[in-house]
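Student: Line by line, the protein sequences give chains A and B. Under our numbering, the first residue of the first sequence carries the number 1, and numbering increases by one thereafter. Under our numbering, the first residue of the second sequence carries the number 115, and numbering increases by one thereafter.
Hints are computed from structural coordinates only; laboratory data are not their basis. This structure is a prediction, so every number in the text was calculated from the model and none was measured. Hints are all accurate, no fakes.
Below, in silico cross-link-like pairs of lysine-lysine (BS3-like), each with a Cα-Cα straight-line distance of 27 Å or less:
1) K58(A) - K101(A)
2) K49(A) - K171(B)
3) K184(B) - K101(A)
Quick look at which bits of chain B chain A covers, simulated, 3 or more residues with Cβ under 8 Å:
4) 144-154
5) 200-213
The beta-carbon is built from N, C-alpha and C at its ideal position, and this holds for glycine as well.
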Amino acid sequence: AQSVTQLDSQVPVFEEAPVELRCNYSSSVSVYLFWYVQYPNQGLQLLLKYLSGSTLVKGINGFEAEFNKSQTSFHLRKPSVHISDTAEYFCAVRPTSGTYKYIFGTGTRLKVLA
Amino acid sequence: DGGITQSPKYLFRKEGQNVTLSCEQNLNHDAMYWYRQDPGQGLRLIYYSQIVNDFQKGDIAEGYSVSREKKESFPLTVTSAQKNPTAFYLCASTGNTEAFFGQGTRLTVV
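So that you can see chain A by itself, here it is in the shape it has in the complex (with noise of 0.2 Å):
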């Protein structure tokens, strides 16, 4: 079975400021990963993924996320951050072969403010 522990359910930051947003998973099998943003109301939308490579991952809208195997970690960052980047941001693992089961994270919420 799998799991994805995103441990800041709220980060707040200032425009301009850097961001990392934490993401970590327990998995008995190989696993992609992904992070996923939601704005109020709709859908989710893939900002990035892992699938294999390079353990650096550049992603939508300045993003970029670091897979760390020994940590077992993801975590999302951007350098420089804009008040339209508030939204809730998902972590999620899939298993790379057998059942297409994704697992989310309980999201965290970025806020941004002026």
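Start from chain A and add chain B according to the hints.
Tutor: Only chain B this time, still in chain A's reference frame:
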């Protein structure tokens, strides 16, 4: 445009009534999913289907039912047995790696 369409966006029902949420995709994806979202609890898997005419229970299937008669469609019925049905429901599908999501249906039971 390819994508996932959920309808309706908002749905109101009286307590004790069954209600069916629609999910249609034109991405030619084999696997489809239903998630329930409540504040502070993230997304919880209700049902998923990896192929037509087959589906499996997720973590919170009690009080829900689904069908998968066509590849494009995966409707979810919220039955009167679901004790707390008011929530935001998300449908998703996948072809190989990432999941694609619909815009959600907000169900309110009064």
